[in-house]
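Going by the working numbering, the sequence shown opens with residue 1339, and the numbers climb by one from there.
Don't read these hints as lab results, they were simulated from the structure.
Check the hints yourself; a few may be wrong.
Result set (DSSO-like, lysine-lysine): computed pairs, CA atoms no more than 27 angstroms apart in a straight line [said to hold, decoys possible]: (1) 1772 - 1748; (2) 1588 - 1671; (3) 1481 - 1671; (4) 1473 - 1671.
Restraint-style ranges between C-beta atoms, simulated for each label pair [what the hints assert, rightly or not]: (5) 1825 - 1583: 53 to 63 angstroms; (6) 1476 - 1770: 47 to 57 angstroms; (7) 1814 - 1583: 55 to 65 angstroms.
Because the structure is a prediction, the values reported are computed rather than measured.
The beta-carbon is built from N, C-alpha and C at its ideal position, and this holds for glycine as well.
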Amino acid sequence: MRARGTGPRWPGSARSSRSRRRGQPSVAIRRKYGVTRGSGASSPGPGGADDAVTEAEGRGGRGRARPGPSVHSASLAGGGPVTDPLAALSAVDPQIADVIHREVDRQNTTIQLIASENFTSPAVMSVQGSVLTNKYSEGYPGKRYYGGNVVVDEAEEMARERACALFGAEHANVQPHSGANANMAAYLALLDPGDTVMGMRLDQGGHLTHGSPVNFSGRIYRFVAYGVDAESECLDYDEIRSVALAERPKLIVAGATAYPRTIDFARFRAIADEIGALLMVDAAHIAGLIAGGAHPSPVPHADVVTFTTHKTLRGPRAGTILCRQEHAAAIDKAVFPGLQGGPLMHVVAAKAVAFLLAQQPDFREYAAQIVANSRALAAGLADEGFRIVSGGSDNHLMLVDLRPFGVTGKVAQEALDLAGITTNKNAIPNDPEKPFVTSGLRLGTAAVTTAGMAEDQMAEIAALIARVLRAPDDAEVRDEVREAAARLCSKFVPYPDPV
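Make a model of the complete structure from these sequences and hints.
Okay, here's the thing in structure tokens:
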């Protein structure tokens, strides 16, 4: 499957007009940044659901004629009347404004391959910068500890309903500030301190919150670990069952932060049922793939599912919890008042927008293209002589064993950064190097897919990575690759400069 055309692939806004000329920015980008059709930013080809985002933006005031500045706008901006938010920031704090300008430039001109990152849509960002940030809303819709929540209650209800509809869940809590908070709340709801829990080993793909001794999870609960098979580097379900039978955990945690293969949630459910355990799935990395039908859903199998709303889902930086109705009251109580105070209503509303976008038909195309790109990038790197952990990828990420090239993850990350390719060092299974050094890289294709890249570009990127890592200390090679990366990115610009 190949992306049609170029430019950002935000469902509902970016790839929807068959008449739009190539080389032009999307409707949402033009509205947010005042970009005209002659700006030169690349645009997508045909796709599907502009109306949903146009309507959503209209309801929020985007796309309308803006009213004049309010009486107090001058004092807020630190100068005269200002209607552009970034101009207002520049008047108050030019140093931070400059940071944002330079970060926009970095994201537009370098290749983004960190598996936990993505380009969120202008619609989501506009909600996060809205007046909803002013509202304090401790509690839940219809039962708040503050007045004045009648309007924002609607946003949280929409977020909850859309999350349940998107994933087929019985209950959703959309207040967690992060994935780690979502995991902690789930543990608080389901466990007592000292209970035994099974989670994936950190050095074989698990997350800090899956029982690392330096994390709250490993300090409060008794975690026992499972990992991957030494030969296949895939989950060994027979070994997982053996550990479960021996340790009898109260809760089994499935899910990972660096595992490139499809997870069999039905197998985990069967193991949990055999010992009478609860099953929780941490779907932080794959939530967008699940929503887009590109990865099997854990919802029919798990008691609780946690996930982040950024990464492959492409929403705001935050978390969400899905659960069966029987756990709903405990989950809600664990989030508030158990763990958090007031929710971030501007982020909760942004989640609602992200869930709406993920329901659009072209999000399924996007999710499928992420996986196609991941497989293409893994194949391209293998052709260049890299060893791909487990032999490939079934999702948005891959682990690359750098030992055939004689470089560490730390060296590779730094060299690629200088060459305009953003990655992160990562341990591989049974890694002999220290965690801050590592023998591998974790690469992901969610962001480059949002930018509009497809399989042909993955082959180009693989060749650029190999060129740098064959001579990581060669400044001339790095400079040449950086120029090549910038040329490639110029055809797939996620954000026109907002000023």
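How the hints compare with the structure:
no. : hint                            : in the structure
1   : 1772 - 1748                     : 10 angstroms, holds
2   : 1588 - 1671                     : 20 angstroms, holds
3   : 1481 - 1671                     : 13 angstroms, holds
4   : 1473 - 1671                     : 21 angstroms, holds
5   : 1825 - 1583: 53 to 63 angstroms : 56 angstroms, holds
6   : 1476 - 1770: 47 to 57 angstroms : 49 angstroms, holds
7   : 1814 - 1583: 55 to 65 angstroms : 58 angstroms, holds
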